[in-house]
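K.L.:
Generate the whole structure from the sequences, applying the supplied hints.
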Amino acid sequence: MANFETMTINMGPQHPSTHGVLRLVLELDGEIVRKATPHVGYLHRGIEKLSEHRTYHQILPLTDRLDYLAPMHNNLGYVLAVEKLLGITNEIPERAQVVRVLLAELTRLKSHLVWLACHALDIGAMTVFIYCFREREHIMNIYEKISGARMTSNYFRVGGLSADLPAGLEKEIRDFVNSMPEHIKTYEGLLTGNKIWQKRIMGVGHISAEDAIDLGVTGPCLRASGVDWDLRRDQPYSGYENYDFEVVVDDGCDTWARYHCRLKEMREACKLIHQALDKLKPGPILADVPKVVLPPKQETTNTIEGLIHHFKIISEGFKPDAGEVYVGVENPKGEVGYYLVSDGSPRPYRMKIRPACFINLQALPKMVEGSMIADVVAVIGTLDIVLGEIDR
Amino acid sequence: MSVQAADKLKDKFGDTVLETIEFRGETTVVVKKEEIVAVCAFLKEELGFNFLTDLCSVDYMGQAPRFMVVYQLYNIGTHARLRVKAPVEESDARIDTVCGVWGAANWMEREAWDLMGISFNNHPDPRRILMPDDWEGHPLRKDYPVQGPDREPYQGRTE
Numbered sequence: 001m002a003n004f005e006t007m008t009i010n011m012g013p014q015h016p017s018t019h020g021v022l023r024l025v026l027e028l029d030g031e032i033v034r035k036a037t038p039h040v041g042y043l044h045r046g047i048e049k050l051s052e053h054r055t056y057h058q059i060l061p062l063t064d065r066l067d068y069l070a071p072m073h074n075n076l077g078y079v080l081a082v083e084k085l086l087g088i089t090n091e092i093p094e095r096a097q098v099v100r101v102l103l104a105e106l107t108r109l110k111s112h113l114v115w116l117a118c119h120a121l122d123i124g125a126m127t128v129f130i131y132c133f134r135e136r137e138h139i140m141n142i143y144e145k146i147s148g149a150r151m152t153s154n155y156f157r158v159g160g161l162s163a164d165l166p167a168g169l170e171k172e173i174r175d176f177v178n179s180m181p182e183h184i185k186t187y188e189g190l191l192t193g194n195k196i197w198q199k200r201i202m203g204v205g206h207i208s209a210e211d212a213i214d215l216g217v218t219g220p221c222l223r224a225s226g227v228d229w230d231l232r233r234d235q236p237y238s239g240y241e242n243y244d245f246e247v248v249v250d251d252g253c254d255t256w257a258r259y260h261c262r263l264k265e266m267r268e269a270c271k272l273i274h275q276a277l278d279k280l281k282p283g284p285i286l287a288d289v290p291k292v293v294l295p296p297k298q299e300t301t302n303t304i305e306g307l308i309h310h311f312k313i314i315s316e317g318f319k320p321d322a323g324e325v326y327v328g329v330e331n332p333k334g335e336v337g338y339y340l341v342s343d344g345s346p347r348p349y350r351m352k353i354r355p356a357c358f359i360n361l362q363a364l365p366k367m368v369e370g371s372m373i374a375d376v377v378a379v380i381g382t383l384d385i386v387l388g389e390i391d392r
Numbered sequence: 001m002s003v004q005a006a007d008k009l010k011d012k013f014g015d016t017v018l019e020t021i022e023f024r025g026e027t028t029v030v031v032k033k034e035e036i037v038a039v040c041a042f043l044k045e046e047l048g049f050n051f052l053t054d055l056c057s058v059d060y061m062g063q064a065p066r067f068m069v070v071y072q073l074y075n076i077g078t079h080a081r082l083r084v085k086a087p088v089e090e091s092d093a094r095i096d097t098v099c100g101v102w103g104a105a106n107w108m109e110r111e112a113w114d115l116m117g118i119s120f121n122n123h124p125d126p127r128r129i130l131m132p133d134d135w136e137g138h139p140l141r142k143d144y145p146v147q148g149p150d151r152e153p154y155q156g157r158t159e
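If you're matching them up, the sequences are chains A and B in order.
Just so you know, we're using this note's numbering here: the first sequence kicks off at 1 and counts up by one.
Just so you know, we're using this note's numbering here: the second sequence kicks off at 1 and counts up by one.
Derived by calculation from the structure, the hints in this document are not laboratory data.
Positions of the beta carbon are idealized from the N, C-alpha and C atoms, including for glycine.
Pairs of lysine-lysine residues, derived as DSS-like cross-links and limited to a Cα-Cα distance of at most 27 Å, are as follows:
(1) A:K312 to A:K297
(2) A:K366 to B:K44
(3) B:K10 to B:K44
(4) B:K142 to A:K319
(5) B:K10 to B:K32
(6) B:K32 to B:K12
Listed next, the stretches of chain A that the computed footprint assigns to chain B, with coverage defined by at least 3 CB atoms under 8 Å from CB atoms of chain B:
(7) 43 to 51
(8) 77 to 87
(9) 330 to 340
(10) 345 to 357
P.N.:
What follows is the structure, encoded as structure tokens:
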């Protein structure tokens, strides 16, 4: 007699392909997924609550710990939101803007490298993982030289940057980016023509443009469903309007399309980094807004005014006008936004982070229900989730 | 663009629109919570705000009404942003769900329930999302201690 019962299994939170602590409860009919229920929150640290008890400068390190694979982007979104709240968006010096774009794109490269590495590893292509992490190591070393940290960079500041780029780094970045197209070719050589790779991702995790928009999907996942939308072009920030780049769109709607989309984005990121390096001219890295921006060390130690400013900003913080702003930036994974509510005090009254991965993950049941259990692994990889950002 | 949208909303809904605020080039429309689904559906269908960027809530403890539910909308065609807010009383901390308008609202509303304790009428899946299912209280409320329940606040270094 046939048995029509379904079986419920737990995938995660301790599972190698759930990229952290994602737990999926899968209802299976044989090997077919009938229902998928994601459970999140295992990494919830209450960053939004903590922010309400810190000054605007003190929140910055917390933002590193959201999407820890793309910390510079989180910093960037946050500082842009605070700058907008203060009304000093137009005061940011040229050099700081260019460095921000430079590092944001380097971070995009870094994040996409981890995506490709893990996505390929989940499906069984281990060599790609090792190669991608080799290149990522270069970026981590660059990070370390810039900010002293390999992952939690905490480098941008409200009003500009915490420090200038170290001498000689521009050449190092350029050499690295020059080598990247060849590396990307290697990854493609290993994967694109590979029959196993093709069979595992072609037609898997299909999501139409209407569904993707309805479910709030952003970033490469949305663009691979044929929606031509990129905040860098459509609501430019940090001077992205002065750069020449292509918004990569693919209308395949499946994991294969997302794979190509992200690979092309890596190439575009290299192009943007070259342009940023060309634009990089010596100049100030901090805005001239004494009430907000810390004075240079020289001034703090040698003048009484500098010391007072430094003391006031550190001990009390700055007070933006009462009001609220929302700023979204195009993270490697999608739109990450910061909604800040100020009541005129030195601490935000409320900070809401719009997490790209959290909302993208919402589309997972739609993408896996009705397909094989093995496809769930591919779909988790293609969504490129980071639990630090989902759980906040 | 967003300003025109706010005007159109006013023309259509009249007294339901309580206030329109302009700050740093961003438009915020405050509407009555009873009409929130109609307002959202109108914004989506007629004015093209087809993308719900974010949904959250703010606790203005000590003020009446205490909570504000905030909807960040985006128009993928024109790239306009609009913020819609609906005040919610503490005594009746509930508002209709907009899951029927944008599917994305599902998890966002679950988060607002979980962390702020605002319930959403007719929500398809009204469970907690970030905190454990048996958690008591709603951590983002202003009267919830930052160090957690049943713990002394940090006193600094004592010696």
